[in-house]
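Asks: Here the protein sequences come in this chain order: A and B. First residue of the first sequence: 32, per our numbering; consecutive thereafter. First residue of the second sequence: 711, per our numbering; consecutive thereafter.
One or more of the hints may lead you astray.
Claimed, not checked - Subject to a maximum C-alpha distance of 25 Å in a straight line, what follows is the list of computed PhoX-like cross-link-like pairs (lysine-lysine):
1. LYS49/A <-> LYS819/B
2. LYS149/A <-> LYS988/B
3. LYS896/B <-> LYS51/A
4. LYS149/A <-> LYS240/A
Said to hold, decoys possible - Okay, the calculated bits of chain A under chain B, using three or more residues with CB under 8 Å as the criterion:
5. 47-57
6. 102-116
7. 128-142
8. 160-166
9. 200-212
What the hints assert, rightly or not - Selected chain B positions facing chain A (in silico; Cβ < 10 Å):
10. LEU769
11. MET810
12. GLY825
13. MET835
14. LEU840
15. LYS843
16. MET865
17. PRO890
18. VAL944
19. THR975
Because the hints were derived from the structure by calculation, they are not lab data. Don't be surprised by glycine CBs; every beta carbon is placed ideally from N, CA and C.
One letter stands for each residue in the lines below.
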Amino acid sequence: MANNSEARAARRQKRLTKFKNQSMYQLMVWPGVLLLIVFNFIPMYGIIIAFKDYSVLGTIAEADWVGLEYFREFLSDRMFWNVMRNTLGISFFKLLLGFPAAILLAVMINELVNEKLKKLVQTISYLPHFLSWVILGGMFITWLSETGLVNNILMDLNLVENPIRFLTDPNKYWAIAVISDIWKEIGWNTILYIAAMTGINPALYEAAKIDGASKLQQIFKITIPSIRHIIALTFVLSVGGLLGSNLDQTLVLQNSVNYQASEVINSYVYKMGIQLGDFSYATAVGLFVSVFSLILVVVSHWFTKKLSDESVF
Amino acid sequence: MKSNYSTDEKVFNGINVIFMIFFLAIIALPLWNIVALSFNDATDAIKGGIYFWPRQFSLESYYTVFEDPAIYKAFVISVMKTLIGVVLHTIINALVAYGMSRKDLIGRKVYMQMGVIAMFVNGGMIPTFLLFKSLGLLNNFWVYIIPVLFSFYDMVIMMNFFRGIPYSLEESAMMDGANPLTIFVKIILPLSLPVLATIALFHGVYQWNDYMVANIYVDNRDLYPLQMLLYRIVSENLSPAVATGTNVVRNTTSQSLQLATMVVTTVPVVIIYPFLQKYFIQGMTLGGVKE
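Just chain A, with the same shape it has in the complex (with noise of 0.2 Å):
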């Protein structure tokens, strides 16, 4: 017994030595700590208002317990689900069409033997990424008006006799949320595919190329599924932000016409929460769509490493 304390203290001092000695090191790393705990782990306690009736007027803790009351209330309003729809419409032909253009898009760049040319394609697709949605929409919203780039060559064409008003027609919403997204991101999204395109083995093409192996055969056995598993990373990640759908984007290229088809989960949160003042009711849609988006991100991430393990590749 008397050993076994002794022995404690020990540790204890020899711990509580090593701490001094390291005391430098732990200074450096607290602020991190804090500003973790200040504005990522208090506000998770802000989620309980999601289950409370709470106005601007009184504290978090006064205020009074309402159970799933507002979990209720937007899972039977009408506006709510008109919103989910949308949400899961863009961000899924987002998904749909830009993730495998992207995968395709980089296998060019990567094929072009001329590196000027590539370093050129690269420079300018990457671009778009570097300029904020407020810029791109703004240009989008040019682009599309009745006197803009796409009515002026479809006008020119003698495609369509009347210029087509793009943003004021909600059918035309979805196709235009879903298509500058694409035109943004797609260069930046090659990035990790080409990177981990140059860490392929040549040997292994010049071996194909012997057998008599075709370039789109060299492509499809050798390029893909050399790089499947950052394939599966980005699905994973995109999978998991299929409910995040963009914000800013949305924010920008909305107006009073297209609403109907425009509002997504993020934006309808924003406007019940801080421009009416709904806290609660705003809360609890957000705190619905994160658990969902957690339940999406490890059901796709259990889904690709079955699908990685057992398929041909």
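Given the coordinates of chain A, assemble chain B onto it according to the supplied hints.
Replies: Below, chain B alone, put in the same frame as chain A:
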């Protein structure tokens, strides 16, 4: 030079080059169209039909933009938040990363777990808003800087880089009696310029481009960064003069002023962009390798 490509490869390469030129045109020409439009006479531009060269050259819109005190003020806010944000963000994350690069740091495992949790779970928009309100960050310049001061992701990228620096360098400095802070400043930082530049660049682009922080937490127009001012101008289809409350006498339209403001806001990004290309590619791959 005699080509050693097979016919199959020649056809493929030819199609590829044509495809790429088409792709480049789709990205670059619309951007150029905006520049051409912004240099065109405002009322003439509304008629349409301008592709890639101004029909009636005019600098009126640019004069108006540069004379607008609100735009000038917003430009200063944008520059300040970008500079201060980049410097503080890079320093804080580098310090934390250096401390965390010591494997025997007491509590290190807990700190890492906290960071990972924070990456996947967060309080969401409204609880964050309420927190900022109680901290007095609403309508406060520091709301642009402090909440994004620390980034776990950036910290991990730096930490991994620091780990690659030979420990013998630190050891010999320690024997000469240097304390950890001196080692950090004199040895670690000078050897880590690539990763510092990468993190600084990503944060700089974020700071320059972000308008959502201002949109959610700031009502005071004196604190609007350029992007936020532009957002109001574009989303409400106002001319900058209306949004900023100044009088305009020149021949301009709301569209022409929007375009000129967009170009002015974009130019700093486009100018520094080619020089930094190597760093952000590096940054993307550093982040990817980590996961």
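Asks: Hint numbers the structure violates, sorted upward?
Replies: 6, 9 and 10
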